[in-house]
Amino acid sequence: MTRAISDEMLMAFADGELAPAEQEEIEKALAEDDELAERLAVFMDTRDELAVTMKPLIDEPMPAALEASLTAAIATARQAQVTPQTTSNTAEPQRTETVVPLRPRASAAAARPTGSVISSPWGMALAASFVGIVVGLGGFLLGQSTGVAPDGANLALNEALETLPSGTDRDLPTTGESLHMIASFRDAEGHLCREYERKGADAMTTAVACHGPAGWQTRFALTNPVAEGYVPASTTDTLDAFLSGIGAGAPLSPEEETADIEALRTR
Amino acid sequence: MTEYTREAAVYSGETESFMVEPVDVVGERLVSFLPNLRRFAISLCRARDVADDLVQQTCERALAAAASFDPETRFDAWVFRILRNLWLDQLRRQKTAGPAVDIDEMHDLSVASGEAQSEARLSLERVEAALQGLPPEQREVLVVVCIEELSYRDAADLLEIPVGTVMSRLARGRKALSELTGINPEARRSSP
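Chains as they are written, first to last, in this note's numbering: chain A, 187 to 453; chain B, 94 to 285.
Worth flagging that the hints you see were computed from the coordinates, not collected in a lab.
The reader is advised that the hints may include incorrect statements.
Partial chain B-side listing against chain A, Cβ under 8 Å, derived [to be verified]: (1) G120; (2) L123; (3) L127; (4) P128; (5) R132; (6) D145; (7) Q149; (8) R154; (9) L156; (10) L181; (11) L217; (12) L235; (13) S244; (14) S261; (15) K268; (16) L270.
Glycine is no exception: its CB is placed at the ideal position from the N, C-alpha and C atoms.
When you get a sec, could you build the whole thing from the sequences and use the hints?
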C-alpha cells in the first residue's frame with residue numbers, strides 16, 4: 187500500500203488540479219485499491235451532479251425587471267459621471283470634512299451646525315444622488331450623528347468599540363442611548379471597522395467606525411428619527427453603498443473579531 | 094474572460110479622443126454577464142426573488158465602483174466578489190438583526206407549488222435544497238469551483254482565503270452534499 191491519500195488530494199485528482207507526479211501516484215494507488223476508487227467517486231459524482239443540474243440555470247428566462255433595472259442603473263451612473271457636482275445644496279456644509287473623529291473635539295468644531303442637517307429627508311435625498319456625492323466628495327460622509335456629544339460619551343463609545351462583541355448590546359449612560367454592535371470587518375486598507383447602531387429615545391443612528399493611525403474614527407453615521415423601530419430602506423442602501431466604497435471585506439468570524447479587538451487593546 | 098477589447102473606444106469618436114469611460118466598460122460587460130451573475134446568485138441563495146435583488150445591488154455597486162475595475166483583470170471574478178460580499182452582508186444581517194422573512198420557508202413554498210415537474214426539474218430542486226443545507230462557507234466554494242469552474246487558485250483569490258482552505262472546505266462540502274443528495278452509495282442504502 188502507498189501512503190494514506192487524503193480527501194483533498196483525491197478531490198484535486200478528480201478536479202484535474204494535481205501536478206503530473208502526484209496524478210501518477212494516485213493513478214497507481216487507484217489500480218490496487220477499490221475503496222479508494224469509491225472515495226474518488228464521491229468527488230467526481232458531486233461535481234458532475236452540480237454541473238449537470240445547476241449550470242443550465244444560466245438559460246432560465248431573465249426577468250424583464252432585472253434587465254430594466256440594469257439599464258436604468260447604467261443610465262444613472264453615466265449621468266453621475268457627466269455631472270459630478272449635481273448634489274443637493276443642503277449637503278454643502280458637509281463637504282469640507284470627510285471624517286469625523288471620535289476623539290474629544292474643540293468647542294469651535296462642536297458649534298458646527300451638523301445636528302439639524304441629518305434628518306431622514308436629507309438621507310433620502312443623499313441616497314438618491316449617491317453616485318454624485320461619491321464623485322463630488324471623493325469620499326463619504328453622511329454627517330455626524332448626534333451633534334454635540336459630551337466627551338464621556340466618546341470615551342464610552344471607544345471603550346465599547348474595543349470590547350463589545352458583535353451581536354451584543356450595551357447602554358451608554360452619558361447619552362442614555364443603547365449601543366448594539368452589529369459586525370466587524372476590514373476595509374480595503376486593512377483597518378478594522380465596526381458597524382453599530384445607537385438607539386436613543388427619539389432617534390437611531392447607524393454608524394461605522396474604523397481604527398486608523400489616529401485611533402477610532404467615525405467613517406459613516408446616519409441618524410433617523412425612531413419610527414416604530416424600523417430602519418428606513420434608504421439607510422440600508424446608503425450603508426451598502428458606503429461599505430462597497432471603502433472596499434469592506436467579509437464580516438469577521440467571532441474568533442477573528444475577538445483576536446482583532448484584543449490586538450487593538452494590547453497594542 | 095480576458096477578451097477585453099477597445100472597441101468602445103473606436104465608437105466614442107471625435108470629442109472624447111478615445112477615452113473609454115469606466116462606467117461604459119463595466120456597464121457593457123454587466124449586460125452580457127447578467128445571466129451568469131443571476132446563476133451565481135441563485136446557486137448561493139436559491140430563492141429567485143432574493144437572488145434578483147442581489148444581482149441588482151451587485152450591478153449598482155459595480156457601476157458605482159467602475160473606476161476601480163482594472164480591464165486587464167478578470168471581470169467575472171470582480172463582479173462575483175461584489176455579489177458574494179453582498180450575500181455575506183445579508184447573511185450577517187439576518188444573523189444579528191433577525192431575518193425579516195424566513196427564507197427557507199419561502200423556498201419550500203416555491204417548491205411545493207410545482208407544475209408538472211420533469212425529472213430535470215426534480216433533480217435541480219434536490220441539488221438546490223442540498224446546497225442550501227450546507228454551511229455558507231462550504232456552499233460558496235462548491236459554487237465557484239463546481240458550477241462556475243474556477244480553479245482552486247482563482248477561487249482562493251475570489252474568496253480571499255488560502256488555497257488549502259479552499260480544498261478542505263470543498264472536500265468537506267462535497268462529502269456532505271453527496272450524503273444530502275443521496276449520490277453516495279452508502280447513504281442511498283441507509284435511506285429508504
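What hint numbers does the structure not satisfy?
No hint contradicted; all consistent.
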